[in-house]
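For the protein sequence lines, the chains are S, W, Z and F, in the order given. Per this note's numbering, numbering of the first sequence is gapless, rising by one per residue and ending at 417. Per this note's numbering, numbering of the second sequence is gapless, rising by one per residue and ending at 417. Per this note's numbering, numbering of the third sequence is gapless, rising by one per residue and ending at 417. Per this note's numbering, numbering of the fourth sequence is gapless, rising by one per residue and ending at 417.
Hints are not guaranteed to be accurate.
On the chain S side, residues computed to face chain Z include the following (Cβ under 8 Å) [stated by the list, open to error]:
| hint | residue |
| --- | --- |
| 1 | Lys-114 |
| 2 | Leu-241 |
| 3 | Tyr-246 |
| 4 | Pro-247 |
| 5 | Gly-248 |
| 6 | Ala-250 |
| 7 | Ser-251 |
| 8 | Ile-254 |
| 9 | Asn-300 |
| 10 | Leu-302 |
If you want the footprint, here are the derived chain Z segments under chain S, 3+ residues with CB under 8 Å [unchecked claim]:
| hint | stretch |
| --- | --- |
| 11 | 240-246 |
| 12 | 254-268 |
These are computed hints drawn from the structure, not numbers from a lab. We put the CB at the ideal spot given by N, CA and C, even for glycine.
There are 4 protein chains.
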Amino acid sequence: MKQKWKVGILAATGTVGQRFVQLLENHPWFEVAELAASDRSAGKPYLQACQWKISGHVPEYVRNMKVKDCAPNLECDLVFSGLPSSMAGEVETTFAKAGYAVLSNSKNHRMDEDVPLLVPEINPEHLALLEIQQKNQNYQSGGYIITNPNCSTMALVLALAPLEAAFGIEKVNVVTMQALSGAGYPGVASLDIIDNVIPYIADEEEKIETEPRKILGKLKDGKVVFADFKISAQCHRVNVLDGHLEAVSIALKRRPSQEQFLDALKTYRSLPQQLELPSAPRFPVVHVEGADRPQPRFDREMENGMATVVGRVRPCSLFDFKLDLLGHNTIRGAAGAAILNAELLVTQQLLKTRSY
Amino acid sequence: MKQKWKVGILAATGTVGQRFVQLLENHPWFEVAELAASDRSAGKPYLQACQWKISGHVPEYVRNMKVKDCAPNLECDLVFSGLPSSMAGEVETTFAKAGYAVLSNSKNHRMDEDVPLLVPEINPEHLALLEIQQKNQNYQSGGYIITNPNCSTMALVLALAPLEAAFGIEKVNVVTMQALSGAGYPGVASLDIIDNVIPYIADEEEKIETEPRKILGKLKDGKVVFADFKISAQCHRVNVLDGHLEAVSIALKRRPSQEQFLDALKTYRSLPQQLELPSAPRFPVVHVEGADRPQPRFDREMENGMATVVGRVRPCSLFDFKLDLLGHNTIRGAAGAAILNAELLVTQQLLKTRSY
Amino acid sequence: MKQKWKVGILAATGTVGQRFVQLLENHPWFEVAELAASDRSAGKPYLQACQWKISGHVPEYVRNMKVKDCAPNLECDLVFSGLPSSMAGEVETTFAKAGYAVLSNSKNHRMDEDVPLLVPEINPEHLALLEIQQKNQNYQSGGYIITNPNCSTMALVLALAPLEAAFGIEKVNVVTMQALSGAGYPGVASLDIIDNVIPYIADEEEKIETEPRKILGKLKDGKVVFADFKISAQCHRVNVLDGHLEAVSIALKRRPSQEQFLDALKTYRSLPQQLELPSAPRFPVVHVEGADRPQPRFDREMENGMATVVGRVRPCSLFDFKLDLLGHNTIRGAAGAAILNAELLVTQQLLKTRSY
Amino acid sequence: MKQKWKVGILAATGTVGQRFVQLLENHPWFEVAELAASDRSAGKPYLQACQWKISGHVPEYVRNMKVKDCAPNLECDLVFSGLPSSMAGEVETTFAKAGYAVLSNSKNHRMDEDVPLLVPEINPEHLALLEIQQKNQNYQSGGYIITNPNCSTMALVLALAPLEAAFGIEKVNVVTMQALSGAGYPGVASLDIIDNVIPYIADEEEKIETEPRKILGKLKDGKVVFADFKISAQCHRVNVLDGHLEAVSIALKRRPSQEQFLDALKTYRSLPQQLELPSAPRFPVVHVEGADRPQPRFDREMENGMATVVGRVRPCSLFDFKLDLLGHNTIRGAAGAAILNAELLVTQQLLKTRSY
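Given these sequences and hints, build the entire structure.
See the structure below:
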C-alpha cells in the first residue's frame, strides 16, 4: 500500500464528525482530504467552524482545512458520514450515486435490504450485498453505502455474536443506561439530567430490538435472513459523558455452564483480529474481574474504546445468564465502527480510487 | 386519641434517622420523645451530634434534644430504628425484650419467620404473626419487631400487589438505577460516581429477589407461605440524590389488555387509604403520562414521596408488559414506611403504653 | 383589600415565567388572570405549552388556562415580564404605553434614567421616578416600567445595603459561581458542564459592576446619582441547579470591627419587613454559622429563597472583610423580586385598576 | 546516564501515590524499585493493595510488585512521598536521616527554614539550602527533604513568577474552585457535592497566602527572604474530578500594558525548559484563547498536565489585571511536581547512589 486512500468526512463539525477527525489522525491507510458540513460552516477553516467537544484538542492537521459543502464534488475516494438522520438518507444516496463508497453512521439506510449493516467481526459475508446494491440502485462504479449499527446495538451485538455461534440465542432482555454524548451537541440540557435519569430515548428501543437480528442474520440467495431470537429493550439516559452501560439477560438454545459461557466471550476472535486491521481491538469482548465492573468512567477506554467490556456474569433465575456490558458509544459505537468497516473494505479490495 | 404516643428514634443522627426526625415533625399521633444514637453522639444536643444531610433544615423541635444511648431505658412506647445492619439485629431484640414495639428499617429481622415484613396496603393480616412472635421470643408484653422492606423492594412491591391480585404474577425482571442516599452518609465517594454508573450494590439483588415473595405471601397456620413467582434483579448505583428508578418487565398468569393492566395500577386503593392513615398516599401507585417519565428529580416527591410512580407501560415481546417505576428511597423506601406501619398499629390497637 | 389585583405573566412558559406561576399560586393580593407567551405557545393550554422544569408540579390553577400572545389586550392590571432581552425592550414599552404596570425581570430598561431599578429594602424612594417616566414617555395613565436587578446583583446588593448605610463602601471584589437555571432552558448543555466549570457568562460582569451603584444611588433632582464605590466581578457557571454563590471581598470607608460588621448584616430590616409584605423575607440577610456554609443545595431555600445567605465572614489582608454569600437566582434573583416589587406598589397605592 | 536511578514511592496506594506510579511508567531516568504503604497494604501485591481511582488502568509493571512498609530499608536512592500530613512529618525525616533523598508532596516540612519549597522554573537556587539542611539535621550523606507546593499554590505561582520578575507583584486576590481529587479518596462524599459548592477547604487558604511568598523569595545568607506581596485567598470545592480553577486579580508595582502583561506570561521559559527535563512542560504558562476558557475538563491535560493554563486576561478596576487560571492538581499540583524536582536534582548532581 504505497499511498493512503483519500477520505472525506460528512458532518465533520458534529460530535461524530469530531471523533472521525480524531481517530483518523495518523491513520496508516487513510488520509483526511476533505471536511464537509452544513452551509453554516462551509467556507470556514475547521477550527473556526467547529465547537470541539470531545477530550483532547483539535488535531493540528485539520485546524486550517477549509470546510466544504456536503456535495459530491469532494476530492476523495470514500466518505465517512456522521450526518443526522434528517439529512443522511438523501445526501448519502447522492454520494453513492456519484461513485463514492459511503460509510454511514446514520440509521437511514441500515435496514435497506441491499445495504450491509456491517460488523467486521460478525458478518463480513454481508459485503456480498454491495454488488446487488449497485445493480439495484444504479450507483456509479465504486459507489455504495455501508452502515454500522446504532451505538447501543454495537456494544450488545459484539457480546451476542460468540454466544449465538456457540450456543444459539433464544431471548435477550436489555436495559440500557446511556451516555450523554450519544445525543450529540447541545443534546441533553444540563437542567434535565443533573440529579436525574431519563427513562426514554427516541427510537432507541426499536433499533436495539431489530438491528442485532439483521447483523447476526445469514445471507441466503442475496438476502439477509434475520436471526430468529427475540430482544426486548428499555433505554435510559444517565448522567455520564461517554460509555453506554447495558444490563443484559440472555436465554440460550443450548445452555452452557458459566465457565463455557465466559469462555465463549473471552476467547472470541474474528476476521479483523486475524487481518490485524489497524483499528481492530485485540479482543472484541473484554471480560473485567471485580464485583462492581464494568463502570463507564473507568472501563470505556479499554482496547481504545473498540471493544465491548463485560462483567458480573452470573446465572439468572428467569433467563440463563445475566451480566453488565459497556461500550464506548462514540468510538466503537460510531466513528470507530465506520473506520473499522472501511479497513475491512481495503483488505477485501472493495475500494476503488476515484478520479478527481 | 387524646394524647400522642411517645416515640424514640434509634440511630437518629443517621440519614434514615434524619428522615424520621423530619417526617415526625408535627405528626398528629406521634411525638418524638427520645433520640438515641451511638456512643459518639450520646450526651450531645441533636444539632451538634448530627450532620444534617437531607433537604430543608433541622426542625426546631429536635435541635436541643439531648441524644441518648441506644439502650432500652428510653421513655417512649415505640421505637423507630434506622440502625445499620451491623447493630440492628441485637439492639432491636433488646428493645423488643424490654417491651418496646420496634419498627425496624434494617434487614436483620425481615426474613425471621415470626416477624412481619409489613406493607399496610398489602399484608396487614401478617400482623397476626406478632402474637406468635411474642410467644416464641418471650418478649415482654407490648414488645415485638415489625420490619419494612428494603427501599428497592418497597417501590417494586407496591406496583406488584394490584397485579398479583388481579392477574397473578408469574415472572418479574427488574433492573434498578438507585440513588446515592440509599448508601447512607458518607456512602458513595464523589470520585466513584461522577460521570459514572456502578453496576453493583452489595446484597441488594438478593433482597429484591426474596422480600416481595414474603410480602405478597399468604398467612397459613401461623406462617407466611411465600408467593410463588420468580424475580431476577440487577442493581446499579447512579448519580442521583434521591429516588430509585426501576426498569421492570412482568409476565402474568392471566394476561390482561394494556388498559386492564393500567387500570389495575391506577385504581389500586387499600386499607391505609380507607383508614386515611396520616402518612398514607392517596394513591399507592401513581401513573404519570409522558413518554419520558417517571424521572427521579421531577417525580420523587409525588404523594409526599409515599407512592410508587409508574410510567412508560407498554407491551413486552419477552414478558407481558414492561414499564419504569420510581420510589423515594428514604421516604416510602425507609422512614416513611416505618411510620405508616406504626400508624396501622395504632388503628389496630396493637400499641401499648409503657410505664416510665 | 377586597379583591385581588389581576395580573398577567409575559413569557409565562419560560423558566422565570414558571417561577412566577409557582410563586403566585394562592398569593393573597394577586390573581393570575392571563398567561402570555410566544406565538408557538399561544392558543394552547398552559400544561401543553410549557415544559415544566422547576421542582414541584404545575399548579392546578394554570393547567388549563389558555396561553395568549404577548400583546396589550390582556385583561389584567399589571404584568410580570420574564421576557428574554431580545424581546423585552419593545414589548414591555408597548404594555406600559397601553397603561399596564410592567414589572420586568429583563435587563433592557434597567439602566434607563427614568426607570426604577427597585429593591424594596433599599431604594423605595426611587419610585418617585415613575411620575417622571410617565411624563417623559407619554405612557397612558397607570402605565410604567419597574425593573428588578440581575440575579447575581440581587444577592450581592442585599448584603451591601446595610454595609453602605453603616460604614460606607469603598471597593467590592466579587467572584461568582452561578447556577445553571440562570441560563434558562435548554440553556447550558450537559456536555459543557459535567466535570467542569465555565469561567464566563455573557454580559454578567458588566451588570454586577454597574447595577449595585444605581440601586444604592440617591435620588437628587429627579435623577439617580450612582453610589461611588467600585466593583470588580469575575463570573463562573458551575454544576449547580439553583443558587448563585459569590465570594466577596469588601473595603469600607469606616472600618468596623468584625462584630460590628456582622451585626450590621444580621440586624438589617427595612420597609418590606415593616410593611410585612407577603413575599418579604423576615430577614433580608441571613447569617449561617458553620465553617463551610453557605452551600447552594442546603441553604438556597432559606426564607423561601427571598434572602441573601451570608457566611464565612472573616478579615481580609487586601480588603477589610471577605465572605461568601448565596442567593436563590430564580426566586429572589428573578420572579420573587418582581413580585415583592409589586407588593410594594400595592402598599404605596401606585397600582391602578385598568378597565377591560 | 547508563543506569536508571532506583526510586521508591511512599503511600503508593493513595491517590497521589497512584499518580507517581502512572507518571513514572517508562520514565527515562527513574525506575520504580519499591512501593511502600501502610501496614494494611504491606505484603500484598500492588494490584490487590490498591483501589485504582485515576483514569487509565494499573500499569503492568507494578501489578505484581509487593508493597512494603514505609520504613527506611527500601532498596532505592530516592523516595517520592505522597504520605498524608498525619504521618509525613516523622516518616520523611526518618528516611532523610537514613540517607534517602526525600521528595515530599506533604505540607509538613514545606515551611521549614532549611527545606526548599522547590519549583524548578522559579527557585532552583533554593537548592543551596540542602547543604545547610544536612548540617542542621545531621542527616546521613545523601539524605535530605525537598518539598513541592500545595496544589492550588502550584498553579498560581507558575503564573506569578514571570509577573514578579517583569513588573513586581504588589497584591494578589485569588478565589479557587478546586477539584474533588484534591481531597483524596474517599474524600468528598457524593451527597455533599452533587448540585452544590462547598466554600471551604481546611488549611487551604493559609497555604495559598504563604507558600508563594517563600517560593518567590530570595536566598540571602542561607535563608529565604520571603517575597513582600500580599495574597488573599477564598477556597471552594466544586463538582469537578481534576483541575483547580482560580479567579485571580493582580496588582503590580510597575503597571504594564495588557500586551506586555500577556507577553510576560506567554514567553516565560526557565531552567527546566532549557535543560529539557523529561517532565518539563514546553511552556510553564499556556495562554488559551476563547472568551470562556480555561475550563477544567477541556484544558487540564495541556502540556500533559504540567503547565498552568491562563485565560480571560483583562483589566481590573480594583487591581491591575484579572484572569482565570487552571492547573492539574494531581499532576503538576502533586506527583508531577515532585518528579520534576527529582529531574532537576539529577542534572544538578545532587542525587547519590545508596548502597543496598
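Evaluation of the provided hints:
Look at Lys-114 of chain S: its Cβ gets to within about 6 Å of chain Z, closer than 8 Å, so that hint holds up. Because the closest C-beta pair between Leu-241 of chain S and chain Z is about 5 Å apart, less than 8 Å, the hint holds. Hint on Tyr-246 of chain S holds. Least Cβ distance to chain Z is approximately 6 Å, under the 8 Å limit. A least Cβ separation of about 4 Å between Pro-247 of chain S and chain Z falls short of the 8 Å threshold, and the interface hint therefore holds.
Evaluation of the Gly-248 of chain S hint against chain Z yields a held restraint, the C-beta minimum of about 6 Å falling below 8 Å. For Ala-250 of chain S, the suggested interface contact is upheld, since its CB lies about 4 Å from the closest CB of chain Z, less than 8 Å. Evaluation of the Ser-251 of chain S hint against chain Z yields a held restraint, the C-beta minimum of about 4 Å falling below 8 Å. At its closest, the beta carbon of Ile-254 of chain S sits 5 Å from a beta carbon of chain Z; the interface hint therefore holds under the 8 Å criterion.
With a least beta-carbon distance of about 7 Å to chain Z, the hint placing Asn-300 of chain S at the interface is held under the 8 Å criterion. Given hint, Leu-302 of chain S at the interface with chain Z, holds; its Cβ is 6 Å from that chain's nearest Cβ, closer than 8 Å. With a threshold of 8 Å between beta carbons, the proposed coverage of the stretch 240-246 of chain Z by chain S holds, since 3 of its residues qualify and at least three are required. Remark: the stretch 254-268 of chain Z is confirmed as covered by chain S, as 3 of its residues place a Cβ nearer than 8 Å to a Cβ of that chain, reaching the required three.
Of the numbered hints listed earlier, not one is contradicted by the structure.
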